[in-house]
Structure formats: structure tokens, C-alpha cells
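Protein chains: 2
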Amino acid sequence: MISWKNLDTVPAYKKMMALRGRVNLQTAMAGESGAQRVKKYAAPMAAGLCYHYAAKQVDGEVLSALKELAEEMQLAEKFEALYNGEVINTGEKRLVLHQLTRGQLGKKVMADGVDKRTFYLGEQKKAADFAKKVHAGEILNAAGEKFTTVVQIGIGGSDLGPRAMYLALENWARQNGSLKMEARFISNVDPDDAASVLKSIDVAHSLFVLVSKSGTTLETLTNESFVKDALKNAGLDPARHMVAVTSETSPLAKSRDYLAAFFMDDYIGGRYSSTSCVGGAVLSLAFGPEVFERFLAGAAEEDKLAANPDPLQNPAMLDALIGVYERNAQGYPATAVLPYSQALSRFPAHLQQLDMESNGKSVNRFGEPVSYVTGPVIFGEPGTNGQHSFYQLLHQGTDVIPLQFVGFRRNQAGMDVDIQGSTSQQKLCANVAAQIMAFACGKHDDNPNKHFEGGRPSSIIIGDQLTPEALGALLSHFENKVMFQGFLWNLNSFDQEGVQLGKVLAKRVLAHETDGALKAFSDLMDI
Amino acid sequence: MISWKNLDTVPAYKKMMALRGRVNLQTAMAGESGAQRVKKYAAPMAAGLCYHYAAKQVDGEVLSALKELAEEMQLAEKFEALYNGEVINTGEKRLVLHQLTRGQLGKKVMADGVDKRTFYLGEQKKAADFAKKVHAGEILNAAGEKFTTVVQIGIGGSDLGPRAMYLALENWARQNGSLKMEARFISNVDPDDAASVLKSIDVAHSLFVLVSKSGTTLETLTNESFVKDALKNAGLDPARHMVAVTSETSPLAKSRDYLAAFFMDDYIGGRYSSTSCVGGAVLSLAFGPEVFERFLAGAAEEDKLAANPDPLQNPAMLDALIGVYERNAQGYPATAVLPYSQALSRFPAHLQQLDMESNGKSVNRFGEPVSYVTGPVIFGEPGTNGQHSFYQLLHQGTDVIPLQFVGFRRNQAGMDVDIQGSTSQQKLCANVAAQIMAFACGKHDDNPNKHFEGGRPSSIIIGDQLTPEALGALLSHFENKVMFQGFLWNLNSFDQEGVQLGKVLAKRVLAHETDGALKAFSDLMDI
Numbered sequence: 000m001i002s003w004k005n006l007d008t009v010p011a012y013k014k015m016m017a018l019r020g021r022v023n024l025q026t027a028m029a030g031e032s033g034a035q036r037v038k039k040y041a042a043p044m045a046a047g048l049c050y051h052y053a054a055k056q057v058d059g060e061v062l063s064a065l066k067e068l069a070e071e072m073q074l075a076e077k078f079e080a081l082y083n084g085e086v087i088n089t090g091e092k093r094l095v096l097h098q099l100t101r102g103q104l105g106k107k108v109m110a111d112g113v114d115k116r117t118f119y120l121g122e123q124k125k126a127a128d129f130a131k132k133v134h135a136g137e138i139l140n141a142a143g144e145k146f147t148t149v150v151q152i153g154i155g156g157s158d159l160g161p162r163a164m165y166l167a168l169e170n171w172a173r174q175n176g177s178l179k180m181e182a183r184f185i186s187n188v189d190p191d192d193a194a195s196v197l198k199s200i201d202v203a204h205s206l207f208v209l210v211s212k213s214g215t216t217l218e219t220l221t222n223e224s225f226v227k228d229a230l231k232n233a234g235l236d237p238a239r240h241m242v243a244v245t246s247e248t249s250p251l252a253k254s255r256d257y258l259a260a261f262f263m264d265d266y267i268g269g270r271y272s273s274t275s276c277v278g279g280a281v282l283s284l285a286f287g288p289e290v291f292e293r294f295l296a297g298a299a300e301e302d303k304l305a306a307n308p309d310p311l312q313n314p315a316m317l318d319a320l321i322g323v324y325e326r327n328a329q330g331y332p333a334t335a336v337l338p339y340s341q342a343l344s345r346f347p348a349h350l351q352q353l354d355m356e357s358n359g360k361s362v363n364r365f366g367e368p369v370s371y372v373t374g375p376v377i378f379g380e381p382g383t384n385g386q387h388s389f390y391q392l393l394h395q396g397t398d399v400i401p402l403q404f405v406g407f408r409r410n411q412a413g414m415d416v417d418i419q420g421s422t423s424q425q426k427l428c429a430n431v432a433a434q435i436m437a438f439a440c441g442k443h444d445d446n447p448n449k450h451f452e453g454g455r456p457s458s459i460i461i462g463d464q465l466t467p468e469a470l471g472a473l474l475s476h477f478e479n480k481v482m483f484q485g486f487l488w489n490l491n492s493f494d495q496e497g498v499q500l501g502k503v504l505a506k507r508v509l510a511h512e513t514d515g516a517l518k519a520f521s522d523l524m525d526i
Numbered sequence: 000m001i002s003w004k005n006l007d008t009v010p011a012y013k014k015m016m017a018l019r020g021r022v023n024l025q026t027a028m029a030g031e032s033g034a035q036r037v038k039k040y041a042a043p044m045a046a047g048l049c050y051h052y053a054a055k056q057v058d059g060e061v062l063s064a065l066k067e068l069a070e071e072m073q074l075a076e077k078f079e080a081l082y083n084g085e086v087i088n089t090g091e092k093r094l095v096l097h098q099l100t101r102g103q104l105g106k107k108v109m110a111d112g113v114d115k116r117t118f119y120l121g122e123q124k125k126a127a128d129f130a131k132k133v134h135a136g137e138i139l140n141a142a143g144e145k146f147t148t149v150v151q152i153g154i155g156g157s158d159l160g161p162r163a164m165y166l167a168l169e170n171w172a173r174q175n176g177s178l179k180m181e182a183r184f185i186s187n188v189d190p191d192d193a194a195s196v197l198k199s200i201d202v203a204h205s206l207f208v209l210v211s212k213s214g215t216t217l218e219t220l221t222n223e224s225f226v227k228d229a230l231k232n233a234g235l236d237p238a239r240h241m242v243a244v245t246s247e248t249s250p251l252a253k254s255r256d257y258l259a260a261f262f263m264d265d266y267i268g269g270r271y272s273s274t275s276c277v278g279g280a281v282l283s284l285a286f287g288p289e290v291f292e293r294f295l296a297g298a299a300e301e302d303k304l305a306a307n308p309d310p311l312q313n314p315a316m317l318d319a320l321i322g323v324y325e326r327n328a329q330g331y332p333a334t335a336v337l338p339y340s341q342a343l344s345r346f347p348a349h350l351q352q353l354d355m356e357s358n359g360k361s362v363n364r365f366g367e368p369v370s371y372v373t374g375p376v377i378f379g380e381p382g383t384n385g386q387h388s389f390y391q392l393l394h395q396g397t398d399v400i401p402l403q404f405v406g407f408r409r410n411q412a413g414m415d416v417d418i419q420g421s422t423s424q425q426k427l428c429a430n431v432a433a434q435i436m437a438f439a440c441g442k443h444d445d446n447p448n449k450h451f452e453g454g455r456p457s458s459i460i461i462g463d464q465l466t467p468e469a470l471g472a473l474l475s476h477f478e479n480k481v482m483f484q485g486f487l488w489n490l491n492s493f494d495q496e497g498v499q500l501g502k503v504l505a506k507r508v509l510a511h512e513t514d515g516a517l518k519a520f521s522d523l524m525d526i
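For the protein sequence lines, the chains are R and D, in the order given.
Quick note on numbering that gives the first Met the number 0: the first sequence kicks off at 0 and runs consecutively.
Quick note on numbering that gives the first Met the number 0: the second sequence kicks off at 0 and runs consecutively.
The set of hints was computed from the structure by calculation and includes no laboratory data.
Quick caveat: nothing in here was measured; it's all calculated off a predicted structure.
Errors might be hidden in some of the hints.
If chains are identical, the list can't say which one is meant, so a pair holds when it fits in one copy or spans any two.
Said to hold, decoys possible - Within a straight-line C-alpha distance of at most 20 Å, the following computed SDA-like cross-link-like pairs (lysine to any residue) qualify:
#, residue 1, residue 2
1, K442, D417
2, K518, C49
3, K506, H450
4, K106, R21
5, K227, R408
6, K198, N175
7, K14, E67
8, K449, T89
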């Protein structure tokens, strides 16, 4: 029987809090003991990835407390309830089913009178068939020519995840002959965003994927109009250039304005929708359905690991527990995500939404204020770029910021250059290994300005290459990490009421129904 | 006489700390009093911009304490010393002269036997003349054809600032007939970065700008080789396609491998180099020298305001003081930068370097540990995109994160669409006005999950349009803000020793001179 309770109500919480400051990373990671930790503190993931946490501030004692915490907080049971179709999004009274878009972890889940796994597979197949027809030249533009570009119109979860996934695989696909169509993304209501994308493409050979679950997202509908105007101005029929990804009940679902419509539902939150048709349509068009299926397979394999009740064999659960130890026991305010892969340039922005929108909350799932801190600030840029930027603060600033590295042994594009006895890829890999140790152990210098205190914890996920499977596993890892942290903090990680007030006030501004400071600011903005 | 002293040694510090929690934003910003604050709490900037701080947690009392702090910490005198050429980068025993690239605020500054203003102007003119010749077709490729694309090769300050500035003006320039050449940027040592850029351009018509002050930056030299290989493979002579931006003493300075070389010096840190030739070469090639001069003029005008000793008439100083109040008295750990302009999509990444690399330090300029927190984490994405992402945490998370908005009344590209009675630009502007008020005042709801506490401070810089002048003013504002905060925390904001250890260890990894955990991680990465 599941009991939803606050983090600070279980015995292991006190145990964990008492272990604050327990591990001295500088000594733990030094010499042979450090090498032993690297061997010992590793949890295999799917698709050949591995989560390494040797440079985290943990030891047997801390891990044992975290394992107790996982049991007392019933993390595995709660995940089981989720994938078996219980109402986990309690505020909105919804199931949480994004894992079903890539596999069946538990029982058959029925909702809206259908088997939801069958439903998601069906929509995926519709998108796959559509993409194949486009690639085969069975669906053409009015002039009988093939489409060469796909443009996703969406915002938030309909943009950040799919965009990050596209960029992650673009070079890989080009190298492997799978780049069927180039993809672009329009998201911002700033008209310069759409204008800029439209100027960079050939609209006559572009397919637009409009993504809005409700069919009412202001930014997305505005940008749709923008695009339709551009198509009409070019003498083209918008209905021959657009498809929709939406819910079956949305006004877009049955519209004749689209070549096709692919459906999602209320059980998949925007930020968890990359493996649904929200990601599936654009990624199948860009790379072909086979590549998208490989991506899903990687995520499904990783989801299975997340069902293991032993955190030491469940990297997402372990990552979540260590993150809570860092946030609540150690008191660290932020986490940096640092992929040593240019292909993952927008992956941190996706995780920023995934994490901060899920767990940036102050009341528990019953609406009661919690008396502990919850989700941290998430930010990051790819290495080695970040090394020449904000790493100064990470190494020598007054706050400790835990780090989440990601690295691959091989690059994607198959081009490299050997300079001073090493390839670029080797330099990249050497840098991430070096950073982990520099952060953990620091280095004494008699000049205090050149002194590195160390004691700055990091983990690294290492893989062979960023393939579709590896990307799916990576995505699943972080989705499940965020879910487990939500369970630990007793939050509803699947709603986002915090974005509503701004929308309401913006409508009031546009209707000129304001007074006081809001009117004053509106006047300043000339509205 | 200037006295360099720690923030917590002056009387106004105690006064400021005692004012923690003084202003209740919810009540201060409500009703007519809120409207009055919007009128009163505004500091005009250059290029028609204005810094609005009504929604910050300040009142007469707080501002008066901050003014005393500015006086006791001698902020104006320290800036004066800086622009008059004193050795402000004490650790490295260097002058700090980036303001001289755009104007002469004080005395003539002599160094290395020359008047530095004359030197910077001379290099700027060299870059301008070169750009004009390229645009006029006087400098052509080997086939006698014009160059159409410029590619900057650099990392850190040689990348983030120039890239952010280029993106900020690309649409504006296209609309105003000033887009002479499209620009691309290669930065990461990840070989997929260069591969990806090279695949997106026509190398035969591309000019490459290699930027490295020392001429020894690993990533940049590696990427240069990568590019040279690509040029040779295409049957082209690299020396006809490359220019260098470097110091006069670097190995690149006199090399015959470049069509031209433009010089910077040790008095301009990478993150402060956008207005030097580091930004000047690529921006003059992309937009023409006249646009770059307008950008410099905006920065110069804003620099003048920063010399005013009265913080109420010095927006950069005021912004810095309020930031220190938020960080040290209020205890906030991070600051979000939120431009409501897609053109500023990489501006937050530039500020992240500028701020975190300058002030992410734990020892003062004499190498003594400070007993207060210094630079915060800086992160951000453009609105309205961020609203659909991490704003959830900003509105309802357990930590308060101060916000720095930027907004413009008009867009750049001159295309817009009217939906539901308003243009996209009006929607964009309405949203930023609405967000300020939602963060400040919140809104009571009986459902605790839909309740907004408010009390989350923000400022906004408002301008008419993101022109070259406005961009220059914006850049100068933040450079000077960071400088003043460095003075307040008594840091040397102009060195970056925290990036060295990682470089040293990476070299050791590549030389296979490692043991312990570093060897273990290197083995895992297959090096």
C-alpha cells in the first residue's frame, strides 16, 4: 500500500541529514582509494551507458541511508503505481503515461475506453507511415515536388525536447545516411523568431508540424497564422504544408487545415512528450521512423532499470537520491548539466524545463507547504565551451554547485584531426576526465588566487557514442530521476500551475483591463 | 585616495544587512503606490533604454544605504582609476582598458609606449578597411569570387560575446540592408562542432577569423587545423581564407598564414572583448564597419553614465548595488536573465561568462578569503519561451531567484501578424509586463497549488528597438555592473585562475602521465 508522505517524516531523512559533510572528496578521491571508488561507484545503464558517481560525496554510510530513504519513501512502489496506471497527477486527476509511449512496464493500462499502449503505438505508426510516404515522394507539394525541410511549431515541451533530440542526432544521421529532411523550430511569440526561420528555408518545400495539445496555445496558434500568411504570400495552399499533433478533443483534431493529425492525450505532460508524437512526428520526418524507434528502444530499456527497487542497480533512482542529499543535507542551490558533446548543446535547456517545471514547487501533492527546499536551479552548456566561461565560479566561487557530466568516447561525424599527438575527440575526453578530478580534489597553491579547494561533487554518464539508443536512455534517465525526486519531495511533478498567473495577466494587458503598476508597465511597453 | 577593502568592513554594510526583508513587494507594488514606484524607480540609459527597478525590494531607506555603500566603497573613484589606466587587474599586474575600445572617459592612457586609445582605434580601422575591401570585392578568393560567409573560430570570450552580438543584430541588419555576410561560429574542441559548421557553409566563399590572444588556445588552434584541412581538401589555399585576431606578441601575429592580422592586448580580458577587434572583425565583416561603430557609440554613451558617482543616475552602479543587496542581505543564490527578444537568445550565455568568470571567486584582490558570498549563478533563456519552461520554479519554487528582464517595444524584422486583436509583438510586450507583476504581487488562491506568494523581485531594461546602439548600451551596462560588483566584493574581476587546473590535468591525461582516479577515468574514456 502506497503512502504519500513528506520527505521529513521518515526516519531515514534524519539519518541522511545527520550525514551532512560526511565525505571529504579531496581525500576520498586521492591516490589508490580514488581509483577503487571509480571501479566501485558505477551503475550500468541501457545502450552501453554507465552512471559513475565516484566523485559524489557518498560512501557506504551515505548510500545505506539513501537506500533506506528509498525504501521508506516507497520509490519503487510509487513508480510501479505510476506505470500501472494509477492517478499520480493527483491535482489534475490524471494518469502519467509517458513511459507507455516506449514500452509496457507493467499491467495493461486502460483509459478513455482504450488500451493506452495500443493507442500510443497506433499514433506512432500513423506518424511513421506518413513520414515514409513523404520520404518516398507519395506525399508531395502542389507542384509535385518532394519536401526537404520540416519545421516544428510549438513552445515549451513541444519545442525544447524535440529540438534538443533533433540537434543531438543531426550529425549522427548525416553521417549514417539517415538525414531525410532538415528540421527547424519556431517557438517564441516574438515575431522575429518565425521571420528568421522562414527566411532561412524554402517554404515551397517545407512541411510544418503544428504541436499544441489543447489546440489553444497562444504562441503556437499565432506562429501558425504567421506561417500560413507566408505560405499564402508565396502562392501556396497551407493545408498542403501542415500537419497537427494535438489531442483528439482539440479544435485542430478534425480540421481540414492539415494533411494529417497525430494524437497525444492528457496523460503525457509537455515536458515528458519527446517520445510521444510530439517528438515522433518531427523526428520520424527528419531521420526516418527506424531511427525514432531505436530512440524509443533505448528509452524503454532504461525505463526497465528504473523499476529496480535497489538504488545501486537503478541509476535514475540513485541519481535522484544523491541529488536530494546534495540539495537538502548539503544545502547546494543549483545543479549544472555539462555534456561534453556539441550535439547535446540544447539538452541542458530541455533538462532545465523537465526538472524546474516538475519540481520547482513549494506545496506537496496535498497542497500543504513543505518545510524543506525542493527542485534546484538547473543550467548548463556543453564542454569544453563552459570551461572557458562559467567554470571559474564552479571551481573557485563561494557556493558549491554539483555537476552532472555526460561524455562519449567517440564523436558522431566521423571527421577528426590529429594535433600535437591527439585527436580532438581525445582532447575532449581528456578534458572531462581532468575536470572531474580538478573539481573533486582541487590543488594546493601557496598563491591563494591559484589555490583550488576541491570538494566539488560531480557525476558522469559515459557512453561509447551518442546514438539514437543512447539518447533515448539518457532522456529516460533524467525523466525518471526527476520523477523519483518528486516522489521524495512528495510533490506532484506533473502539473505546472505556476505558469498560469502570467497568462491571465497578459490577457488582461492585451484587453487594456489593467490599473496601477501593471498599467504603468503596459504603458511603458506601448501596449 | 583609493582604498581597496572588503565589503564587510564599511559601516554601510551593516546598515544594508540590517535591512534584510524590509520591503514587502506584494504591498509596495499594489494599487496606486505601485504605479508611483514605476514612475519613480527608473534610471535612463543610453540609446533610449531605461533601467526600471520598481519591482525590486528597495525603498528610500534601502537606496540610501546602498548609496552610502557606494560612497564608502568608492565605486566611482575605483572606476575612475580604472579608466585612467591604473593597474586594476592587480594579480596579473595589468591595466583594464576595454572601455577605451569605444571611448575616452578620462586621461590619455599610455602603455607599451603607445596611447592605447589610438592603438585600439587603429586596429578598429584596420578591420574596417579590410571589411570594406571584402565587401567591395577588392579582396576575393582564389577564383576571383566574393566571400559570402564569415566564420569565427574562438572559444570563451572570443566566441560567446561576438556570437551573441551577431545573433542580436542579424535580423535587424537583414531588415536594414546591412547584412553583408552571414556569420558562423566554431568553438568546441568536439570535432563535431567544426564538422557541423563546415557542412553548413560553402568553404570556397568563406573567410575564417581565428581569434586567440595568446595564439596558443588549444581548442582554437585545433579547430584552425580542422578548417585548414577542409580548405586543402577542397583544393583551396588556407592563407587566402583566414585572418587572425591576436596579440602583437603572439606567434600568429607575423605569420604568413593569414590575409591580415588585427591586434588586441593583455589589457582586455576575453569576456570584455566584444568591442575590441575580437568582436570588431567578425561584426564589421557581417554588418559593415558603420554598424559596428554604432554599436561602439552606444557602449561609449553608456560608459559615460557609469562614471556618475550618484547611483540613482548610474544604472550600472545601481543594478550592481541592488544585486549585492539581494545576494548578501537577502541571501538569493542565483539571478535569471530573461530577454523578451529572440535576437538576444545567446545574450544570457554571454552574461553567464561575463558575470560568473569575473566574480565567481572566494579570495579578495589581496588573496585573502572573503567571509561573504560573491557572484551568483547566472542563467536564462528568452521570453516567452522560458515562461513555458523553468518559470514554474521562479513563481512557486522554494528559493527566490531575482530576475533581470529586457524588453523592446518594436521588433526587428518588420514582419508581424494580428491575431485576436493584437500583434505578436504586443503579445510579447504584454507578457513581460504581466510577468513582472505576477512575480512581484502574486495572487491569493484558496487552492494552495494555484496560490502565488509573490515577493519575487525583478528589474527590466526597456528600449524602443534592439538597434546597434541599444545593443552596445546593453553590453556596457552589464560589463559595468559586473565591474562594480567586483569592487563591492573586493575581487579582481579581471583574472580567471580557476580555469587553469583543468587545463594542466587535461595535458597530463593526454600525455598518459596519470594515476589513481584520474587514470581510472581516463581509461573509462578510452584515452
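Up to 20 Å CA-CA - R21 versus K106, copy category: Answer is neither; intra-copy 42 Å and inter-copy 55 Å both fail.
From the Cα coordinates, with 20 Å as the cut-off, is the pair K518 and C49 best called within, between, both, or neither? For K518 and C49, the Cα distance is within 20 Å only across copies (17 Å; inside one copy 54 Å).
Is it within, between, both or neither when you check K449 against T89 at 20 Å Cα-Cα? between (52 Å within a copy, 14 Å between copies)
Intra- versus inter-copy proximity for N175 and K198 (alpha-carbon distance at most 20 Å): between (28 Å within a copy, 15 Å between copies)
Please work out whether the CA atoms of K506 and H450 approach to 20 Å or closer within one copy, between two copies, in both situations, or in neither? Classified as between; 19 Å across copies, 53 Å inside a copy.
Intra/inter-copy verdict for K442 and D417 if alpha-carbon distance must be at most 20 Å: Neither, since 30 Å and 59 Å both go past 20 Å.
Are the CA atoms of K14 and E67 at most 20 Å apart within a copy, between copies, both, or neither? within (9 Å within a copy, 46 Å between copies)
Please work out whether the CA atoms of K227 and R408 approach to 20 Å or closer within one copy, between two copies, in both situations, or in neither? neither (44 Å within a copy, 25 Å between copies)
Violated hints for the displayed structure, listed by number in ascending order: 1, 4, 5.
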